[in-house]
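Participant: One letter stands for each residue in the lines below.
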Amino acid sequence: MESSVTKSLQVFYKNLSLFPDSLYLTFPEETQKLDERVFLRGRFPAQGIPVKKNDGTIPTYLLLIHEFTVGLDLHRESFFDYALIHQEVSDKKTSENLTIIISYTLWDNIKQRPLFSSIIEQNKPIKEEITLDDLVKISQATAQALLVDIQSGVGK
Amino acid sequence: MKTHFLKGSLKCLLLFLVAFIPASAGDVFFKSPYIIWKDAEVLIWTPDSIPAIKATEFSLSLKRNNSGIGDPTARLAGDWQRDSVAFLYSAWLKENIDANVHAENLRARAPGMVKRLTESGDIMILFITRKGDQLYSVLFEGESAEPKAAGKIPYTADSIAMGDALAEMFFSGHAERRLTAEERKKADSRPNEYYEETPKFHGWAGVGAGFTQAKVPFTPNSWYNRKLRSRVKSYRNTQDSLSIWNFLDDESPLFSVYAGGTWYGFIGAELFLRYSQHDAKLDESDTVYKELDHWTYNRYEIGLNIHLSTTYHTASFLDIVPYAFLGFNYSFFSEDIGLKDGVKEGSNAYNTRIKFEDFYKGALIGVGSHFIFYDHYGVDLRAGIASRGRSLDREPSPDGVAEPTVIGGSTIDCFISLGLEYHWSLK
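These protein sequences, in sequence, are chains A and B.
For the first sequence, the numbering used here gives the first residue as 42, with consecutive numbering after it.
For the second sequence, the numbering used here gives the first residue as 1027, with consecutive numbering after it.
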């Protein structure tokens, strides 16, 4: 799934390079407020220290993916909306959708400040059973949504 | 039509906004309320190798700009500049400070830096940095990792002029006295107004001295003239006997002892004992008084007040508790009379002189305030109106109409009293 997301992103961003999770885990954990009620918890690079690549160059932007949740019939409000977070969910026998919820931040690595944060919910209807192909497809769709989101977010 | 109106009102609003922004040489990006301390200690913090303003000159600029600021001191934040965490943040701040950046986006995030800023107490931190031909400045004050104000001024070689401009931009306005370490500690630990601990029971005991008179201030003299001018002839005769002030002098010092308490800082009760002395008003033209040495009455009043109060914590050492009270009292007039030496037996008039009732029932109402210093030592000021008169709870007898008027059936006076008290609280 990870590779299908990165592949989809690389179509647009030619010199995309991947940092390992271990680097992300060294950043201090913080809470970011997106909206009156929507909070995102994630790790952000420290102030004053730009993240460097192995060859010593400093990338201009970082895409920090805080959470990548795969499940059935999920709603992003249930995860991130402060007012709806403690809702109880009734037991279900069947599910209609395969869902991916992704929370991310586009980070200005030169100035060390967030440019844009968002939470995306991507659904794919389940026909009969979930195959590996479905997972790849929904990952690609998520990557597309991410691209659209970033483009519109930067445009703002 | 509607949009035209909207546009018009927006323009008006803009004009107003422009009119209300004070003229300043600098360009202020944002400014949220902060306290300018008197005798301020300002830390000038800069990532630049040569500071744009000099500390000593800046303290003089502060003094010139704001006459109420006392004796401010400014110094360079040497230890901040050497500290690696603070240096990283200052480099970041220099990179990020810009006209359209909000205060929340300039917040320090590194825990070490947050600690440094929040623990600076009442020291004001002025961050300055030169970017091109502009001098950017950010002000930190109080226990917040978020800057309170930011702005820029044109950079010149004249450091005094820049210091003056910065002082005008950030340090104009009313300066407040700096709290002592102890006061600050107390202010920090004080719960906010929505969660103030009110003691379950708060008690006091005190002694008071004051003055009482029949005339209530701001009321017409005509209400009292008849009573106050009245004199007693041959030990018992007056025009009117409804008020005791027809017989006795109403003006007297008043002494009291009292103890009371309030529950939950709101409702309370107080027991009191009051004493005053009143001379009989003799008609000096009556020769019957030649035998008389003195004739006075000691008035004792005992009663119970219901208190309604509220507490204001004004300063760390002073609580002010205004209250209103309503109560009842019993009045006893105890006679003190004596004939001159050598007069063996009083005249007939002396023996049949006026007698007051054994006791009178009355009510009192008033307002006051406790001023409690250091939780225990109180000064109390109160004023009110008290009455005493006929017992109204007696069954009217069938021949009540024929009965003579009860002497002193309606005796009213007002009082003012200053008390010294001791207070204590049970949590």
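The hints are simulated quantities; they were obtained by calculation from the structure and are not laboratory data.
These numbers come from a predicted model, not from an experiment.
Each hint should be verified, as a subset may be incorrect.
Stated by the list, open to error - With a straight-line cut-off of 25 angstroms between C-alpha atoms, the simulated DMTMM-like cross-links for lysine to aspartate or glutamate are:
hint: 1; chain 1: B; residue 1: K1174; chain 2: A; residue 2: E77
hint: 2; chain 1: B; residue 1: K1057; chain 2: A; residue 2: D76
hint: 3; chain 1: B; residue 1: K1120; chain 2: A; residue 2: D149
hint: 4; chain 1: B; residue 1: K1120; chain 2: A; residue 2: E71
hint: 5; chain 1: B; residue 1: K1120; chain 2: A; residue 2: E77
hint: 6; chain 1: A; residue 1: K94; chain 2: B; residue 2: D1074
hint: 7; chain 1: A; residue 1: K152; chain 2: B; residue 2: D1097
hint: 8; chain 1: A; residue 1: K74; chain 2: B; residue 2: E1130
hint: 9; chain 1: A; residue 1: K74; chain 2: B; residue 2: E1169
hint: 10; chain 1: B; residue 1: K1381; chain 2: B; residue 2: D1305
hint: 11; chain 1: A; residue 1: K93; chain 2: B; residue 2: E1194
hint: 12; chain 1: B; residue 1: K1174; chain 2: B; residue 2: E1194
hint: 13; chain 1: B; residue 1: K1241; chain 2: B; residue 2: E1209
hint: 14; chain 1: B; residue 1: K1174; chain 2: A; residue 2: E71
Participant: I'd like to know which numbered hints this structure contradicts. Please list them from smallest to largest.
Facilitator: Hints 5, 6, 7, 11, 13 not satisfied by this model.
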